[in-house]
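*Asks:* In the order they appear, the protein sequences are chains A and B. Heads up, the first sequence stops at 361 in full-length UniProt numbering, and the numbers go up one at a time, no gaps. Heads up, the second sequence stops at 361 in full-length UniProt numbering, and the numbers go up one at a time, no gaps.
Heads up, none of these hints are tricks.
As the list makes no split between identical chains, a pair holds if one copy fits it or if it spans any two.
Here are the simulated lysine-lysine pairs, DSS-like style, with alpha carbons at most 25 angstroms apart:
no., residue 1, residue 2
1, Lys303, Lys33
2, Lys189, Lys302
3, Lys200, Lys302
4, Lys273, Lys200
5, Lys273, Lys302
6, Lys22, Lys36
7, Lys312, Lys150
8, Lys51, Lys36
9, Lys312, Lys232
10, Lys150, Lys265
11, Lys273, Lys312
12, Lys89, Lys3
The set of hints was computed from the structure by calculation and includes no laboratory data.
There are 2 protein chains.
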Amino acid sequence: MSKSYTVAVVGATGAVGTQMIKMLEESTILPIKKVKLLSSIRSAGKVLQYKGQDVVVEELTEDSFGDVDIALFSAGGSVSAKYAPYAVKSGAVVVDNTSHFRMNENAPLVVPEVNAHALDSHKGIIACPNCSTIQMMVALEPIRRDYGLKRIIVSTYQAVSGAGAKAIQETMDQLGQVVNDGVNPADLKAEILPCSGDKKHYPIAFNALPQIDVFTDNDYTYEEMKMTNETKKIMEDASIQVSATCVRIPVITGHSESVYIETEKVADIEDVKEAIGSFPGAVLEDDTNNQIYPQAVNAAGKKETFVGRLRKDLDVENGIHMWVVSDNLLKGAAWNSVQIAETLYERDLVRATEELVFDLI
Amino acid sequence: MSKSYTVAVVGATGAVGTQMIKMLEESTILPIKKVKLLSSIRSAGKVLQYKGQDVVVEELTEDSFGDVDIALFSAGGSVSAKYAPYAVKSGAVVVDNTSHFRMNENAPLVVPEVNAHALDSHKGIIACPNCSTIQMMVALEPIRRDYGLKRIIVSTYQAVSGAGAKAIQETMDQLGQVVNDGVNPADLKAEILPCSGDKKHYPIAFNALPQIDVFTDNDYTYEEMKMTNETKKIMEDASIQVSATCVRIPVITGHSESVYIETEKVADIEDVKEAIGSFPGAVLEDDTNNQIYPQAVNAAGKKETFVGRLRKDLDVENGIHMWVVSDNLLKGAAWNSVQIAETLYERDLVRATEELVFDLI
Chain A
1 MSKSYTVAVV GATGAVGTQM IKMLEESTIL PIKKVKLLSS IRSAGKVLQY
51 KGQDVVVEEL TEDSFGDVDI ALFSAGGSVS AKYAPYAVKS GAVVVDNTSH
101 FRMNENAPLV VPEVNAHALD SHKGIIACPN CSTIQMMVAL EPIRRDYGLK
151 RIIVSTYQAV SGAGAKAIQE TMDQLGQVVN DGVNPADLKA EILPCSGDKK
201 HYPIAFNALP QIDVFTDNDY TYEEMKMTNE TKKIMEDASI QVSATCVRIP
251 VITGHSESVY IETEKVADIE DVKEAIGSFP GAVLEDDTNN QIYPQAVNAA
301 GKKETFVGRL RKDLDVENGI HMWVVSDNLL KGAAWNSVQI AETLYERDLV
351 RATEELVFDL I
Chain B
1 MSKSYTVAVV GATGAVGTQM IKMLEESTIL PIKKVKLLSS IRSAGKVLQY
51 KGQDVVVEEL TEDSFGDVDI ALFSAGGSVS AKYAPYAVKS GAVVVDNTSH
101 FRMNENAPLV VPEVNAHALD SHKGIIACPN CSTIQMMVAL EPIRRDYGLK
151 RIIVSTYQAV SGAGAKAIQE TMDQLGQVVN DGVNPADLKA EILPCSGDKK
201 HYPIAFNALP QIDVFTDNDY TYEEMKMTNE TKKIMEDASI QVSATCVRIP
251 VITGHSESVY IETEKVADIE DVKEAIGSFP GAVLEDDTNN QIYPQAVNAA
301 GKKETFVGRL RKDLDVENGI HMWVVSDNLL KGAAWNSVQI AETLYERDLV
351 RATEELVFDL I
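So that you can see chain A by itself, here it is in the shape it has in the complex (with noise of 0.2 angstroms):
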């Protein structure tokens, strides 16, 4: 494994791949030999900093791939579809940030924490889940491991920034048009949120919006849906109930998640959060005595995932609530898909693969 790589950003302009550039420059595991910027012709051209250097961002093609030994893809699920098999063929392996490939069968689901054995089997093509089911997964394993898990029943409190750049140019507007101008919230005006594929847009400034992604046929969001199948998918059991409630406030960056579980083996709460504590990327912060629990703005930044506000339910015996929080940028995405990135690495898992199971389109 003495070798060093060529590590290509699709989407090097955008709020993620913004910070997969600086991941990959904190990367201690990782030899990196060439950082690749790519973006739609748009974006090319513009120059960006890797380790203090110029990278000029060149266009992305299907012929961008010949020296790509990795490729982190976050430009959106259409981009993912039509370029990373064409990065795959050219003998790159891919891990996607979209919600392109999660639930293709030839693709493994990956949290590098929970499931990296998941890795072994890849066939070119790793996903990244998405940032509210990431972090959701790193509080449960450690207590799915020591008393099994039966369902989940989540309310998330979503940061802006995962609807992109332009979501949080909207969400300071909109404040600032209230702090500033007192306009009444009601009387905003927005065009990105809740969701910019969506017909109508709402005010995020003073507002709680029960919509992230379009609504699906039973009346559940995609991002709810995600969740739902996400989690049967990294945990391997399909048993596992979950139903969630995805609902963006105005935060920038740090997703909070109200979890509440039952658990099939009745769980000492004292036993769950020393669990917790020592699961790796985990960060136990529950002290109710001197207010101690995790916070949107003390995760930002951060590359772990913060637990606290841990309770068993007043009356069900098996079931526990929990505060979980984390930097939907970071370990909600980017960290992650670099994470996977090293994991494969280690694992000595980056090399070409011998037949194409994605189709060219």
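Following the hints, put chain B in place on chain A, whose structure we already have.
*Replies:* This is chain B only, laid out in the frame that chain A set:
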């Protein structure tokens, strides 16, 4: 019932007191002869308006209630503990918006649409439930009546106005510092939230704080235990299981709640929607095809409770999820209090109590 009444507002200059005056102005039911505004000596002498007339705020004393028929209290639990019994002794009926008398067996705890009958046996003091409980009761009572209610799991998204005028000011100041001066939210100074009576204070701007009120011995907060205990009392069923996670978010007006329930009988979701839509005080806002769901910015200033995102749990046959929003200062406090006064009048219950069952302290 041709009499007309003198109505006192105790805590007239506060966030809720101001709204109580407005709700009295808007009442089409209560025959009001005179409004008497009371406060601590600090605010006495201030001039407020009632129906366009100046009213001078008077200092609250034990002797303030000689001419008062109905006294609305919202000046903190200790003020109610001390002065409400004197008001009753003077012949007034008290509607108390603080938590002090809520679990007192001699004080009915009333949401008029849900349990107006509990007023019939009042002994001079009627308690108005906690804001987060009231709106949940309006949403769930129509379901309880038709299908029975076994359990509730609720996660709240609560507005800062519930913590008073200083908390509103702190929130706006913090938002201004971030939006205008680029201060990092983690570096904001806080002096009020999450709870003015607790030791530590944290920023609310760009944050979600999983603490409202102080913690109890079981690691739930008082706010969370209010939702548990008040629900059982209002619905007159100690067997209903309620566990809450109460969270403050950077919204000024309008509490939102992600509510999961399990009913006794399995319910058809369209029938549930119809039951909610035809329940007094509840408004159904539920059309995912057209992105219609309750929002805090739209509920602000309205008296109703808005319910939407109604859907069956993905696995549990008798499980239902929903999103419940209401103006925490109106239905959550001032309007529910005035509505109790209206209902006392309609039921001919505005009368002096023969025997004083509350302690004079």
